[in-house]
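Position chain P against the provided structure of chain D, taking the given hints into account.
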Amino acid sequence: MPALTLAGVPDDDRVLVTVFLRGGADGLALVPPVHDDGYRRARPRLGVPPSQALRLDGPFGLAPELAELHPWFLEGHLAVVHAVGSDDDSRSHFVAQELMERGGTGAAGGWLGRWLRARATSGALTAVATGPEVPDSLRGAPSATALGGLTELSTGPAWSDLCASLAGLYAGDAQLGRPARDALDAADRMGKLHADGVHPEHGARYPSAAEGDVAEAFGRQLAQLAALIRARVGLVTACVDLAGWDSHFAQETIVAPRMRALACGLSAFATDLGPALARTSVVVMSEFGRRVGENASLGTDHGRGSVMLVLGGGTPGGMHCRWRGLDDDVLEGPGDLPVVHDYRDVLEAVLRRHGTIDPRSIFPGHVPAPLAV
Amino acid sequence: MLLSRRQLVVGAGSTVTLAVVAGRATRAAAAPGATFAVPRSPEVDLVDHVLARCGFGAAPGERERVRNLAARSDEAVDRWIDEQLAPGDEQPELRRSLGRLDSLEQPVGELYEWKPEVVLRELSSAALLRAAGSRWQLREVMVDFWSDHFNIDASKGECAWLKAADDRDVIRRHALGRFRDLVRASALSPAMLWYLDGRTNRRATASERPNENYARELLELHTLGADGGYAQTDVMEAARCLTGWTVRDRHRFRKGRVEFDPALHDDGEKHVLGGRIPAGGGARDLDALLDVATAHPATARHLATKLCRRFIGDEPPASAVDAVAVAFRNSGGDVRTTLRALFRTDSFRSPAARRTKMKRPFQLVASALRTTGARTDGGAPLLAALRSMGQSPFQYPTPEGAPDVARAWSGTLLWRWRLAMGLAEGTLSGSSLDVPGLVCRAGGIEGLAAHLLGRSPHLAERAVLARSASPLGVLLASPAFQRC
Chain D
4 MPALTLAGVP
14 DDDRVLVTVF
24 LRGGADGLAL
34 VPPVHDDGYR
44 RARPRLGVPP
54 SQALRLDGPF
64 GLAPELAELH
74 PWFLEGHLAV
84 VHAVGSDDDS
94 RSHFVAQELM
104 ERGGTGAAGG
114 WLGRWLRARA
124 TSGALTAVAT
134 GPEVPDSLRG
144 APSATALGGL
154 TELSTGPAWS
164 DLCASLAGLY
174 AGDAQLGRPA
184 RDALDAADRM
194 GKLHADGVHP
204 EHGARYPSAA
214 EGDVAEAFGR
224 QLAQLAALIR
234 ARVGLVTACV
244 DLAGWDSHFA
254 QETIVAPRMR
264 ALACGLSAFA
274 TDLGPALART
284 SVVVMSEFGR
294 RVGENASLGT
304 DHGRGSVMLV
314 LGGGTPGGMH
324 CRWRGLDDDV
334 LEGPGDLPVV
344 HDYRDVLEAV
354 LRRHGTIDPR
364 SIFPGHVPAP
374 LAV
Chain P
57 MLLSRRQLVV
67 GAGSTVTLAV
77 VAGRATRAAA
87 APGATFAVPR
97 SPEVDLVDHV
107 LARCGFGAAP
117 GERERVRNLA
127 ARSDEAVDRW
137 IDEQLAPGDE
147 QPELRRSLGR
157 LDSLEQPVGE
167 LYEWKPEVVL
177 RELSSAALLR
187 AAGSRWQLRE
197 VMVDFWSDHF
207 NIDASKGECA
217 WLKAADDRDV
227 IRRHALGRFR
237 DLVRASALSP
247 AMLWYLDGRT
257 NRRATASERP
267 NENYARELLE
277 LHTLGADGGY
287 AQTDVMEAAR
297 CLTGWTVRDR
307 HRFRKGRVEF
317 DPALHDDGEK
327 HVLGGRIPAG
337 GGARDLDALL
347 DVATAHPATA
357 RHLATKLCRR
367 FIGDEPPASA
377 VDAVAVAFRN
387 SGGDVRTTLR
397 ALFRTDSFRS
407 PAARRTKMKR
417 PFQLVASALR
427 TTGARTDGGA
437 PLLAALRSMG
447 QSPFQYPTPE
457 GAPDVARAWS
467 GTLLWRWRLA
477 MGLAEGTLSG
487 SSLDVPGLVC
497 RAGGIEGLAA
507 HLLGRSPHLA
517 ERAVLARSAS
527 PLGVLLASPA
537 FQRC
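Protein chains in written order, with the working numbering: chain D, 4 to 376; chain P, 57 to 540.
Next up, chain D with everything else stripped away, as it sits in the complex (with noise of 0.2 Å):
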């Protein structure tokens, strides 16, 4: 008999998605402070103007192009914390993102294959990953699978044939067993799935590829994780990328289709999941944001403190943060908006409604500074 949360949900049938925004998103662009003065000097061509910007609190707007994600927060389903992020400050991709999802140097593996391990759960859907890879945050997980997609499996006796002669060739292999069990489960069940189809529910629309895309392989894979999520095949946690954040160069066109496919692709999803989405966490992340001033191509370069969403699961919602403005006296290094809040504080409050264990394990050495989202 599993234990029950408040909710009422059986823990097992929590899901914790995370959306990992590869590349550096600029939280100054997810959620601007247009009413902050030092926002407008350092943005004087790349900034939104306070009129165009949707209210959140404070000196907070949100971009117009998340504006699908608005009427979340204005009901109390979505968490927005600002300037926040990890304490590298390498500004580096790959050393910022490896970090991210280590959960913390010294740390053996990622913080989601801790955190499964923990909690000793297996199977080979329990953890997937939406695209064809599986993230670092996922390693040393008990079990993982990178789906691609649903529909790429096919089934019938040719496949079955080989399934049952592999499932002998695979068992005794020290690397690749437990890979290939998943693998095998998997085809199993997703066979399953694959006979039903995929079909958003409750109204939802995820955009099409009218609307680009990018914003059209992210919301495909948002459905079909949606139809697992209600198929309840026993996941407990999924990553999806969003890439291409890294708007070194002509911002406005590498950021504004993604911010629009974000927000069109997740309210979708939201909507699909109904009432599941009260057992169901989405954390949107990225390694950092970037710098506070633009530069000389209309681009912004690498640099600390972004943005993190929480959405659904639970989540009291509301606008969290410590502003301390943009004065020349707050930024960091090069003139970058500096980490005030830490990520691993936003993922342990998700993480303590799926059930979590002694955090300490999860983020060993991390000192906790409690946020309420």
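Derived by calculation from the structure, the hints in this document are not laboratory data.
Errors might be hidden in some of the hints.
[To be verified] Reference excerpt, derived from the structure (chain D facing chain P, CB under 7 Å, subset only):
#1 VAL137
#2 ASP304
#3 GLY368
[Claimed, not checked] Quick list of simulated restraints, FRET-style, between CB atoms:
#4 LEU301(D) - ALA351(P): 32 to 40 Å
#5 GLN178(D) - THR91(P): 58 to 66 Å
#6 ARG325(D) - ALA262(P): 45 to 53 Å
#7 GLY200(D) - THR261(P): 40 to 48 Å
#8 LEU301(D) - THR289(P): 46 to 54 Å
#9 THR91(P) - PRO367(D): 35 to 43 Å
#10 VAL370(D) - ASP347(P): 43 to 51 Å
#11 PRO407(P) - GLU335(D): 18 to 26 Å
#12 GLY277(D) - CYS496(P): 53 to 61 Å
#13 GLY200(D) - ASP378(P): 33 to 41 Å
#14 GLU335(D) - GLU325(P): 45 to 53 Å
#15 ASP378(P) - GLY180(D): 50 to 58 Å
[To be verified] From chain D, some residues computed to sit far from chain P (all C-beta separations above 10 Å):
#16 SER54
#17 LEU165
#18 ARG355
All C-beta atoms in this analysis are idealised placements derived from N, C-alpha and C, irrespective of residue type, glycine included.
Relative to chain D, chain P alone:
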């Protein structure tokens, strides 16, 4: 062209089948109709190890050819490596099939005449055709290695066109040459100038901030490595050195041309990695920067580590890395000398190293085609399979390139199995193979198993093969075939 297994069985060897298939596809490797030798030992020998690790697997008949290069197998392997380090022309059959990919031999400016997706598709197909079919296997392996080391995602900006030129004029041209030349060619490659924003790196006025993107990756990924001991100030100074280099975009006359604009260059004094680059250097700042970065001891170590990871194992022993780093440094970054040193290490030659490296998806596809002697056009179904396995050629999104360790790929088994089944069952259009003929030439199912696995099959493998309706599919999907 889609051939069912039944059609293949019926048509095997008939002129009708061959003529139809040969119209568009090429055989992945020379495959005479005669029988070929297969391994007899339960252990992988040195010849098979080298063909698997320094190439994309043994084509039918290839191990015999290598074995006959000298009386002793270690000498034969040395000869083969010597041969491979001095590549000549491609065989006519491969040249013909590459010749059908119209866009690839065009000068930079002319590449833009093609649709970007066509150039990328042809470039990707060419990579597969060469890996599977070229007799110069080591060069293809090094091209694969450098394509990740100097990763460019063709989906950015004008890279879809320009990566084709980068592949030809930078990566292939210098794959077995001098590292310094390779880095310089890459720094001035129009595709790289697009991919890492070098083309927008300018400082016309004191208030303009250089774009640090390329400078950072040059130090972090291309030369010194993330733990190479450089600081943020080195990145910023390197970026200053590189200001002013740009590439003409497609809306301009002479598109794709790389130029240096002194007016956009920060010509002040720079201090990079402990060295001083005097003011007034102009375009020469690039070479001054590359001199320092490529000769830095951390660069030798970084390259040695990556090469050993590719050719020896995911966690290569320090002794091998040391030896390779010394060879790199002493030869002034000569790739041939460095590789020779690597292939001489005990770690590389040890029987314990054999079949311990998980094939990356590209290696898996290329080796499946090569070892089976498949006819292929390197086309869409194979590229789709690579996409589902997370390794679409020239589309790795981030500058560090596709990972080279097993754990990154262990989640791809399902898609590997699907590819194996597709190839064995003849359901991948554009690729076909004569399964009964292959079995016959290998001397039966167990002979085919020995050929594909590099050793005679184990008891458990023999039992599974005896029961299976598709032994070739099982072999290509087996754990042993996932490794090289």
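For each hint, the structure was consulted:
| no. | hint | result |
| --- | --- | --- |
| 1 | VAL137 | holds, 4 Å |
| 2 | ASP304 | holds, 6 Å |
| 3 | GLY368 | violated, 20 Å |
| 4 | LEU301(D) - ALA351(P): 32 to 40 Å | holds, 36 Å |
| 5 | GLN178(D) - THR91(P): 58 to 66 Å | violated, 34 Å |
| 6 | ARG325(D) - ALA262(P): 45 to 53 Å | violated, 35 Å |
| 7 | GLY200(D) - THR261(P): 40 to 48 Å | violated, 59 Å |
| 8 | LEU301(D) - THR289(P): 46 to 54 Å | violated, 25 Å |
| 9 | THR91(P) - PRO367(D): 35 to 43 Å | violated, 60 Å |
| 10 | VAL370(D) - ASP347(P): 43 to 51 Å | holds, 45 Å |
| 11 | PRO407(P) - GLU335(D): 18 to 26 Å | violated, 54 Å |
| 12 | GLY277(D) - CYS496(P): 53 to 61 Å | holds, 59 Å |
| 13 | GLY200(D) - ASP378(P): 33 to 41 Å | violated, 57 Å |
| 14 | GLU335(D) - GLU325(P): 45 to 53 Å | violated, 27 Å |
| 15 | ASP378(P) - GLY180(D): 50 to 58 Å | violated, 34 Å |
| 16 | SER54 | holds, 29 Å |
| 17 | LEU165 | violated, 5 Å |
| 18 | ARG355 | holds, 28 Å |
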